[in-house]
Amino acid sequence: MAPSKAVVAHLVVLLLLVPLLSLLPFSSHALTQDLCVANRLLPDTPSGYPCKPKGLVSSDDFYSDALARPGPVIAPFNTSLASAAVKQLPGLNGLGISATRVDVQPGGVVPMHTHPEASELIFLLEGTLFAGFISAETNKAYVKILKKGDLYVFPQGLLHFQFNTGNTTATAIAAYSNQNPGLQIAVYALFGNTLTVETVNKTTFVTKEEVMRLKDLFGQSSVPS
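Here our numbering is used: the first residue of the sequence shown is 1, the next is one more, and so on.
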């Protein structure tokens with residue numbers, strides 16, 4: 001039996017829609033050409049930075065030694081971060097990958113935080129770390145003590161943390177599923193914001209005295225970039 005005119009019409013619409021989807025602006029530049037080095041003179045977009053003119057692209061756009069040494073120490077966490085995201089490595093543009101080096105000193109901590117745009121895979125090079133994340137659906141915590149050579153994954157957008165459980169610096173490389181994974185640190189979000197003490201007290205149930213102390217500690221000027 002031949003298909004009805006309505007079925008044929010729907011099939012025609014679907015066949016026309018498929019190629020059009022590939023033209024939507026949220027498609028990554030790197031999916032439609034062999035490379036698209038970030039032109040950081042122009043604003044970032046939902047699909048990445050616009051492409052640098054091919055004639056201006058060089059090997060240096062795909063190279064970085066940012067992870068060869070520890071980054072600056074972030075107080076009061078006693079942790080160093082060195083990043084290789086699209087802002088530091090323009091050749092990552094549109095590729096959906098990036099990395100960070102994390103050096104956690106004895107007693108140091110990577111505080112509760114989230115990457116809104118990416119999942120994270122951490123590989124421990126040296127030392128020991130206690131690592132974990134919290135399910136958004138159940139609030140169940142999934143934790144593990146990591147040793148040299150171990151891997152652990154943090155699903156996209158979930159709150160997670162690490163802290164050093166040893167007597168030597170723990171060094172890890174974190175890889176992300178986005179060239180710009182984003183970062184929101186819980187204590188800065190709660191106490192480094194521009195809300196009044198009264199508002200933070202009301203919405204967190206933390207005493208006003210403690211809110212004031214934490215606002216002094218995690219003031220906006222202290223927020224890492």
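No wet-lab data here; the hints were simulated from the structure.
Virtual Cβ for every residue (Gly too), placed ideally from N, Cα, C.
Some hints here could point you the wrong way.
Unchecked claim - Listed next, the in silico EDC-like pairs over lysine to aspartate or glutamate satisfying Cα-Cα at most 16 Å (straight line):
| # | residue 1 | residue 2 |
| --- | --- | --- |
| 1 | K215 | E198 |
| 2 | K148 | E126 |
| 3 | K87 | D65 |
| 4 | K147 | E117 |
| 5 | K208 | E198 |
| 6 | K54 | D34 |
| 7 | K87 | D34 |
| 8 | K87 | E126 |
| 9 | K148 | E117 |
As the list claims (entries may be wrong) - Beta-carbon label-pair distances, calculated as ranges:
| # | residue 1 | residue 2 | range |
| --- | --- | --- | --- |
| 10 | Q184 | A141 | 34 to 42 Å |
| 11 | T204 | D150 | 31 to 39 Å |
| 12 | M212 | G157 | 26 to 34 Å |
| 13 | A66 | A141 | 55 to 63 Å |
| 14 | G157 | T45 | 16 to 24 Å |
| 15 | S177 | M212 | 37 to 45 Å |
| 16 | K54 | T207 | 18 to 26 Å |
| 17 | T203 | K54 | 46 to 54 Å |
| 18 | D65 | I145 | 27 to 35 Å |
| 19 | R40 | K147 | 32 to 40 Å |
| 20 | I97 | A68 | 12 to 20 Å |
| 21 | L158 | T207 | 26 to 34 Å |
| 22 | K54 | P76 | 16 to 24 Å |
| 23 | D34 | P116 | 51 to 59 Å |
Hints versus structure:
Between K215 and E198, the direct Cα distance comes to roughly 12 Å. Compliance with the 16 Å bound is thereby established for this hinted pair. The hinted pair formed by K148 and E126 meets the criterion: a straight-line CA distance of about 5 Å does not exceed 16 Å. Between K87 and D65 the alpha-carbon distance is near 14 Å, which keeps this suggested pair within the 16 Å criterion. For a cut-off of 16 Å, the pair hint linking K147 to E117 is broken: about 27 Å separates their Cα positions.
Straight-line distance between C-alpha atoms of K208 and E198 comes to about 7 Å, which keeps the hinted pair within the 16 Å bound. A distance of roughly 11 Å separates the Cα atoms of K54 and D34; the hinted pair therefore holds under the 16 Å criterion. With a CA separation close to 20 Å, the supplied pair K87 and D34 exceeds the 16 Å bound. About 27 Å separates the Cα atoms of K87 and E126, which puts this hinted pair outside 16 Å; it is violated.
Simply put, K148 and E117 have alpha-carbon atoms about 27 Å apart, too far for the 16 Å limit, and the pair is violated. Distance hint check for Q184 and A141: the Cβ-Cβ separation is about 19 Å, which falls outside the suggested range of 34 to 42 Å. Range check, T204 to D150: Cβ separation about 34 Å, and the 31 to 39 Å hint holds. A C-beta distance of roughly 30 Å is found between M212 and G157, which places it inside the suggested range of 26 to 34 Å.
Under the hint 55 to 63 Å, the C-beta atoms of A66 and A141, about 31 Å apart, miss the expected range. Remark: the range hint 16 to 24 Å for G157 to T45 is upheld by a beta-carbon distance near 21 Å. Distance hint check: the CB atoms of S177 and M212 are about 39 Å apart, consistent with the given range 37 to 45 Å. Our hint of 18 to 26 Å for K54 and T207 is violated, since their Cβ atoms are close to 59 Å apart.
Between T203 and K54, the C-beta spacing of about 50 Å keeps the proposed range 46 to 54 Å intact. Remark: the range hint 27 to 35 Å for D65 to I145 is upheld by a beta-carbon distance near 31 Å. In this structure the supplied range 32 to 40 Å holds for R40 paired with K147, their Cβ-Cβ distance being about 38 Å. At roughly 18 Å, the beta-carbon separation of I97 and A68 lies within the given 12 to 20 Å, and the hint holds.
Range check, L158 to T207: about 28 Å between beta-carbon atoms, so the 26 to 34 Å window is met. One distance hint, 16 to 24 Å for the beta-carbon pair K54 and P76, is violated here, with the actual separation near 46 Å. Between D34 and P116 the C-beta distance comes to about 29 Å, which lies outside the given range of 51 to 59 Å.
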